[in-house]
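Undergrad: Given next are the chains, with one letter for each unit.
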Amino acid sequence: MLVIKVENLSKKFGDNEVLKDISAEVKKGEVVSIIGPSGSGKSTFLRCINLLEKPTAGKIFVAGQELTDPKINVTKAREKVGMVFQHFHLFPHLTVLENLTYAPMKVKKETKTVAQEKARELLLKVGLAEKADAYPNSLSGGQKQRVAIARALSMEPDLMLFDEPTSALDPEMVKEVLDVMKDLAHSGMTMAVVTHEMGFAREVADRVLFLDEGRLVESGEPIPFFENPQTERAKSFLDKIL
Amino acid sequence: MNLDFSQIVPYIPFMLEGIWVTIRFVIVAIILGFILGTLLALCKISSIRLLRAIAGSYTSIFRGTPLILQLMLFHYAVPQLTGYDITPFMSAILAFGLNSAAYVSEIIRAGIQAVDKGQTEAAKALGVPYREMMIDIILPQAMKNILPALMNEFITLTKESALVSTIGYLDLMRRSQVVGSSLFRNFEPLLFVGVIYWLMVTGLSVLGRMVERRLNVSD
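Chains as they are written, first to last, in this note's numbering: chain Z, 0 to 241; chain H, -2 to 216.
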């Protein structure tokens, strides 16, 4: 079963064409890493999948529903797609627990008791049970990002999008976040991860998408891709970073 | 110099009553200005061009003309046009509330736009509808940033409220003038209400700092 299906996606900012005719699919339970040089459009591609960016042309289906259908309720469709940002974007005026219970209570109309119980379970899972009543500003970057992952999971999404989740972290905090993401991948969550962590892409991802200048240049399983890239562009990119 | 405060003593209760008269309409005007100002600010950041245009013209008109002129228009021109005999209280609330809304809307608009765009994106990504996002996520953060500017506006409004003495509303200011003209001594009653205005404004500042401290618990 396909969770994401992208058909001929294009995105322009003014005259600047950021994504050019991209088609891709992600199956249920699959972990896909999206890599490429900066400015290649990988973040924009990810942001199109929950319509934080509006595609200029092409179609996007998530769990069988066409997001690009003009008649669709975008807000409703987003409930099923979790997103984790580079800069966390936790709600600073709410405690960690409130960050996790806010959307389930407001959007899914869960009761406070149920929402809090599930939130505490998620915090346990990301190893931050003792921070439930802390405010985000008192947390380290790695802790913030783990809370952000738990917050996205609190909506019980079909799919999780990660937009460079470790790029804003101090090096010693990258591992704790990647570990949480690995656990999540092993639990069967469908994930699309824009990342510069080639180690993660190699070990955890089922497939790698390589974007360059707005085009999907190459895609394939990580080991063959990293060891024997098929395109010149991918080869020179990997030479520079590995 | 022949200051004699003992002469105003009999009039003190009369002047003190003015505190409540002033506070009463200032509070209503502040609330009206705040609610309308918030709505105008939302119009200003809306994607609908008509709403933006309406809110923009509103601000332009109310900021671009003297407050005393607006007050006179409400008090003297409205009855002339409609035949409705407007009370000084009503004119005062309308003129001050609507005028304040123009300033408040600019303050809040700036405050909303200063909230990190990521907050909007995070709320959207969680499927939170626009209304809830604004009320629960964006506005509380905006309010925290703009509280000093907002307090400033409320303080200005409190002081400018003395303008209503010109339409015969028996506020603090007007009462001091009444006392002054019946005693033929102006300095004492003016000084007396001056101190009261200062105390009221100081009270507002203290209140503002208390609210600010409460909002800062998350830092």
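Hints listed in this document are in silico derivations from the structure and should not be mistaken for laboratory results. Please note that the accuracy of each hint is not assured.
[To be verified] Capping the alpha-carbon separation at 20 Å, the derived lysine to any residue pairs in SDA-like fashion look like this:
| hint | chain 1 | residue 1 | chain 2 | residue 2 |
| --- | --- | --- | --- | --- |
| 1 | H | Lys141 | H | Leu36 |
| 2 | Z | Lys75 | H | Asp133 |
| 3 | Z | Lys234 | Z | Pro36 |
| 4 | Z | Lys108 | H | Asp133 |
| 5 | Z | Lys75 | H | Glu118 |
| 6 | Z | Lys234 | Z | Glu212 |
| 7 | Z | Lys181 | Z | Ile222 |
| 8 | H | Lys121 | Z | Arg206 |
| 9 | Z | Lys107 | Z | Met172 |
| 10 | H | Lys141 | H | Thr35 |
| 11 | Z | Lys108 | H | Lys121 |
| 12 | Z | Lys107 | H | Thr35 |
| 13 | Z | Lys19 | Z | Gly38 |
| 14 | Z | Lys19 | Z | Val216 |
| 15 | Z | Lys124 | Z | Val113 |
| 16 | Z | Lys111 | H | Met130 |
| 17 | Z | Lys107 | Z | Ala62 |
| 18 | Z | Lys4 | Z | Arg206 |
| 19 | H | Lys121 | Z | Pro69 |
| 20 | H | Lys114 | Z | Asp157 |
| 21 | Z | Lys53 | H | Asp133 |
| 22 | H | Lys141 | Z | Ser137 |
| 23 | Z | Lys79 | H | Lys121 |
| 24 | Z | Lys53 | H | Thr35 |
[As the list claims (entries may be wrong)] Chain Z is nowhere near these chain H residues, computed Cβ spacing over 12 Å in every case:
| hint | residue |
| --- | --- |
| 25 | Ile16 |
| 26 | Tyr127 |
| 27 | Glu129 |
| 28 | Lys156 |
| 29 | Asn213 |
Note that CB positions come from ideal geometry on N, CA and C, so glycine has one too.
Undergrad: Going straight from one Cα to the other, do Lys107/Z and Thr35/H come out at no more than 20 Å?
TA: It is violated: about 28 Å lies between the C-alpha atoms, which goes past 20 Å.
Undergrad: If you draw a straight line from the CA of Lys107/Z to the CA of Met172/Z, is it 20 Å or shorter?
TA: 32 Å, violated
Undergrad: For Lys234/Z and Pro36/Z, compute the direct alpha-carbon distance and say whether it is at most 20 Å.
TA: 12 Å, holds
Undergrad: Does Ala62/Z sit within 20 Å of Lys107/Z, going by the straight-line distance between their CA atoms?
TA: 18 Å, holds
Undergrad: Does Pro69/Z lie within 20 Å of Lys121/H when you go C-alpha to C-alpha?
TA: 17 Å, holds
Undergrad: Take a quick look at whether Lys19/Z and Val216/Z sit within 20 Å of each other, Cα to Cα.
TA: Distance of about 11 Å is within 20 Å: holds.
Undergrad: Is the Cα-Cα distance between Lys114/H and Asp157/Z 20 Å or less?
TA: The given pair, whose Cα atoms are some 25 Å apart, is violated under the 20 Å limit.
Undergrad: Hinted pair, alpha-carbon criterion (20 Å max): Lys79/Z, Lys121/H. Please report holds or violated.
TA: Holds: Lys79/Z and Lys121/H sit about 12 Å apart, inside 20 Å.
Undergrad: Taking the minimum C-beta separation from Glu129/H to chain Z, is that value above 12 Å?
TA: 5 Å, violated
Undergrad: Hint check: Lys121/H vs Arg206/Z, CA-CA at most 20 Å. Holds or violated?
TA: 28 Å, violated
Undergrad: Taking 12 Å as the cut and beta carbons as the points, is Ile16/H off the interface with chain Z?
TA: Per Cβ check, Ile16/H is outside 12 Å of chain Z; nearest 35 Å; holds.
Undergrad: Would the hint linking Lys234/Z and Glu212/Z be met if the CA-CA limit is 20 Å?
TA: 15 Å, holds
Checked against the numbered hints listed earlier, the structure breaks hints 8, 9, 12, 20, 21, 24, 26, 27, 29; every other hint is satisfied.
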